[in-house]
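Please work from the sequences and hints to get the whole structure.
Read top to bottom, the protein sequences are chains A and B. For the first sequence, full-length UniProt numbering gives the first residue as 1, with consecutive numbering after it. For the second sequence, full-length UniProt numbering gives the first residue as 1, with consecutive numbering after it.
Calculated directly from the structure, the hints in this document are not laboratory data. Ideal Cβ placement from N, Cα and C applies to all residues, glycine included. Be aware that one or more of the hints could be misleading.
[Unchecked claim] Label pairs and their in silico Cβ distance ranges:
{"no.": "1", "chain 1": "A", "residue 1": "G140", "chain 2": "B", "residue 2": "E34", "range": "30 to 38 Å"}
{"no.": "2", "chain 1": "B", "residue 1": "R215", "chain 2": "A", "residue 2": "G140", "range": "32 to 40 Å"}
{"no.": "3", "chain 1": "B", "residue 1": "E176", "chain 2": "A", "residue 2": "P180", "range": "57 to 65 Å"}
{"no.": "4", "chain 1": "B", "residue 1": "I129", "chain 2": "A", "residue 2": "K40", "range": "21 to 29 Å"}
{"no.": "5", "chain 1": "B", "residue 1": "G61", "chain 2": "A", "residue 2": "P79", "range": "24 to 32 Å"}
{"no.": "6", "chain 1": "A", "residue 1": "S137", "chain 2": "B", "residue 2": "K40", "range": "14 to 22 Å"}
{"no.": "7", "chain 1": "B", "residue 1": "D36", "chain 2": "A", "residue 2": "D88", "range": "43 to 51 Å"}
{"no.": "8", "chain 1": "B", "residue 1": "E211", "chain 2": "A", "residue 2": "D80", "range": "35 to 43 Å"}
{"no.": "9", "chain 1": "A", "residue 1": "K104", "chain 2": "B", "residue 2": "T137", "range": "40 to 48 Å"}
{"no.": "10", "chain 1": "B", "residue 1": "G61", "chain 2": "A", "residue 2": "S137", "range": "18 to 26 Å"}
{"no.": "11", "chain 1": "B", "residue 1": "K187", "chain 2": "A", "residue 2": "I126", "range": "46 to 54 Å"}
{"no.": "12", "chain 1": "A", "residue 1": "S208", "chain 2": "B", "residue 2": "E4", "range": "26 to 34 Å"}
{"no.": "13", "chain 1": "A", "residue 1": "K40", "chain 2": "B", "residue 2": "D201", "range": "40 to 48 Å"}
{"no.": "14", "chain 1": "B", "residue 1": "T137", "chain 2": "A", "residue 2": "P79", "range": "41 to 49 Å"}
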Amino acid sequence: MAEEVVLLDYWASMFGMRVRIALEEKGVKYEYREEDLSNKSPLLLEMNPIHKKIPVLIHNGKPICESIIQVQYIDEVWPDRNPILPSDPYQRAQARFWSDYIDKKTAGPCKALQRETGEKQEAAKIEFMEVLKTLDSELGDKSFFGGNVFGLVDIAFIGFYSWFHTYEEVANFSIVAEFPKLIAWAERCLKRESVAKVLPDSGKVLKSVSDYRKKILGIN
Amino acid sequence: MADEVILLSYWPSMFGMRAMIALEEKNIKFDYREQDLFNKSQILIETNPVHKKIPVLIHNGKPICESLIVVEYIDETWPGENQLLPSDPYQRAQAKFWADYIDKKVNGPTRLIWAGKGEEIEAGKKEFIEVLKTLETELGDKTYFGGETFGFVDIAFIGFYSWFDAYEKLASFSIEAECPKVIAWAKRCLKRESVAKSLPDSDKVTKYIPELKKRLGIE
Chain A
1 MAEEVVLLDY WASMFGMRVR IALEEKGVKY EYREEDLSNK SPLLLEMNPI HKKIPVLIHN
61 GKPICESIIQ VQYIDEVWPD RNPILPSDPY QRAQARFWSD YIDKKTAGPC KALQRETGEK
121 QEAAKIEFME VLKTLDSELG DKSFFGGNVF GLVDIAFIGF YSWFHTYEEV ANFSIVAEFP
181 KLIAWAERCL KRESVAKVLP DSGKVLKSVS DYRKKILGIN
Chain B
1 MADEVILLSY WPSMFGMRAM IALEEKNIKF DYREQDLFNK SQILIETNPV HKKIPVLIHN
61 GKPICESLIV VEYIDETWPG ENQLLPSDPY QRAQAKFWAD YIDKKVNGPT RLIWAGKGEE
121 IEAGKKEFIE VLKTLETELG DKTYFGGETF GFVDIAFIGF YSWFDAYEKL ASFSIEAECP
181 KVIAWAKRCL KRESVAKSLP DSDKVTKYIP ELKKRLGIE
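As structure tokens, then:
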């Protein structure tokens with residue numbers, strides 16, 4: 001039976017990027033469907049009634065939700081090519097821990113960096129820098145978060161790289177200057193076809209956020 | 001080589017209970033070490049420097065943190081007995097989705113109930129009932145969340161049952177009246193030795209809450 005893989009997504013979502021990268025890594029053909037988050041499709045609401053969020057992976061008609069869960073699902077269903085999780089249970093637990101850390105600790109500050117100004121944005125910037133510091137320390141001198149092989153934690157975090165320029169511009173700071181190791185890591189990831197294909201242009205992300213800040217939030 | 005398994009936990013924590021239940025399900029001998037969360041031990045800070053939270057599972061000297069990650073680790077490391085996650089990838093994804101839902105949606109409202117004041121308690125109760133109803137719909141007429149076999153989602157949620165009595169008293173409502181299937185499910189789970197062994201007495205939790213609030217500086 002031919003596989004049918006559909007992805008409901010939003011082009012700038014770092015969570016959607018995780019799933020796209022995983023599918024590309026595995027060489028899986030899929031149909032990408034762009035969602036208008038201000039006007040969610042009936043299919044999205046049907047497939048993710050609990051959270052009503054993207055990305056939603058629909059495999060042979062059955063939905064899977066939540067990006068880290070989707071990436072692990074993809075790894076299990078298409079195990080033969082480019083394994084995403086290590087085989088050792090302890091290493092797997094470490095990979096899951098750091099993906100979970102990224103999810104827990106970036107949500108708040110990233111949202112505030114985008115939407116706030118003044119003190120609230122400044123506080124978000126400081127919080128985000130702390131997270132980057134921790135990740136920088138965890139990466140250390142390794143090529144990728146898991147060691148020599150590109151894997152789950154890299155996939156969990158690399159999408160944020162396409163937003164770095166946006167955060168730097170709206171909150172007036174330099175990630176490039178403060179975290180050269182993370183930038184080097186991101187550039188290593190970008191050498192992979194899956195990542196290069198999936199990550200949107202940083203300038204495009206910045207324009208979309210600037211427009212949003214101007215038009216919806218009234219910030220210049 | 002004999003396995004050395006240590007669990008750093010805190011008796012009222014529904015997250016710590018998840019790890020205990022998983023270890024008991026697998027019949028693993030472990031050294032339980034009660035933690036004082038108001039005076040964190042060296043070992044806790046060393047083994048979980050990022051979050052400084054319990055539970056922490058230390059297996060042959062190596063720490064694993066975050067309760068659901070701990071449960072999955074236990075299932076993968078000791079695969080022989082009582083499988084906790086399903087083998088089918090789609091079923092596994094569903095189990096993880098619902099455990100994640102519980103993690104995201106239960107803590108907020110329940111904390112309002114036991115730590116909140118006045119209107120916050122009412123708001124917490126309303127939201128908690130919504131979450132319980134969603135879980136009840138998901139459970140349906142199944143024996144456990146995953147079907148016939150006790151597993152991941154049951155383990156993720158059952159610890160909260162030991163706090164139900166406290167929630168009911170503090171917010172003046174009956175969970176059984178609102179969601180009878182959830183109560184029936186909980187009682188089924190409690191028949192399992194692993195659960196009976198790991199959940200504290202509801203009474204003990206209810207009596208402890210005022211002391212907990214005092215230590216947290218909430219009045």
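Cross-check of the supplied hints:
Range check, A/G140 to B/E34: Cβ separation about 34 Å, and the 30 to 38 Å hint holds. For the pair B/R215 and A/G140, the supplied restraint of 32 to 40 Å holds, since their beta-carbon distance comes to about 37 Å. Separated by about 59 Å at the C-beta atoms, B/E176 and A/P180 satisfy the suggested range of 57 to 65 Å. Checked against the given bound of 21 to 29 Å, the beta carbons of B/I129 and A/K40, roughly 26 Å apart, stay inside it.
Distance hint check for B/G61 and A/P79: the Cβ-Cβ separation is about 30 Å, which falls inside the suggested range of 24 to 32 Å. A/S137 and B/K40 have their C-beta atoms about 21 Å apart, which keeps the hinted 14 to 22 Å range intact. The hint said 43 to 51 Å for the Cβ distance between B/D36 and A/D88, and at roughly 33 Å that hint is violated. Between B/E211 and A/D80 the Cβ separation comes to about 55 Å, which falls outside the hinted range of 35 to 43 Å.
Our hint of 40 to 48 Å for A/K104 and B/T137 is violated, since their Cβ atoms are close to 27 Å apart. Between B/G61 and A/S137, the C-beta spacing of about 21 Å keeps the proposed range 18 to 26 Å intact. Taken as a hint, the range 46 to 54 Å holds for the pair B/K187 and A/I126, whose Cβ atoms sit roughly 48 Å apart. Here the CB-CB span from A/S208 to B/E4 is close to 52 Å, at odds with the stated 26 to 34 Å.
Checked against the given bound of 40 to 48 Å, the beta carbons of A/K40 and B/D201, roughly 45 Å apart, stay inside it. One distance hint, 41 to 49 Å for the beta-carbon pair B/T137 and A/P79, is violated here, with the actual separation near 33 Å.
The structure fails to meet hints 7, 8, 9, 12, 14 from the earlier list, while all remaining hints are met.
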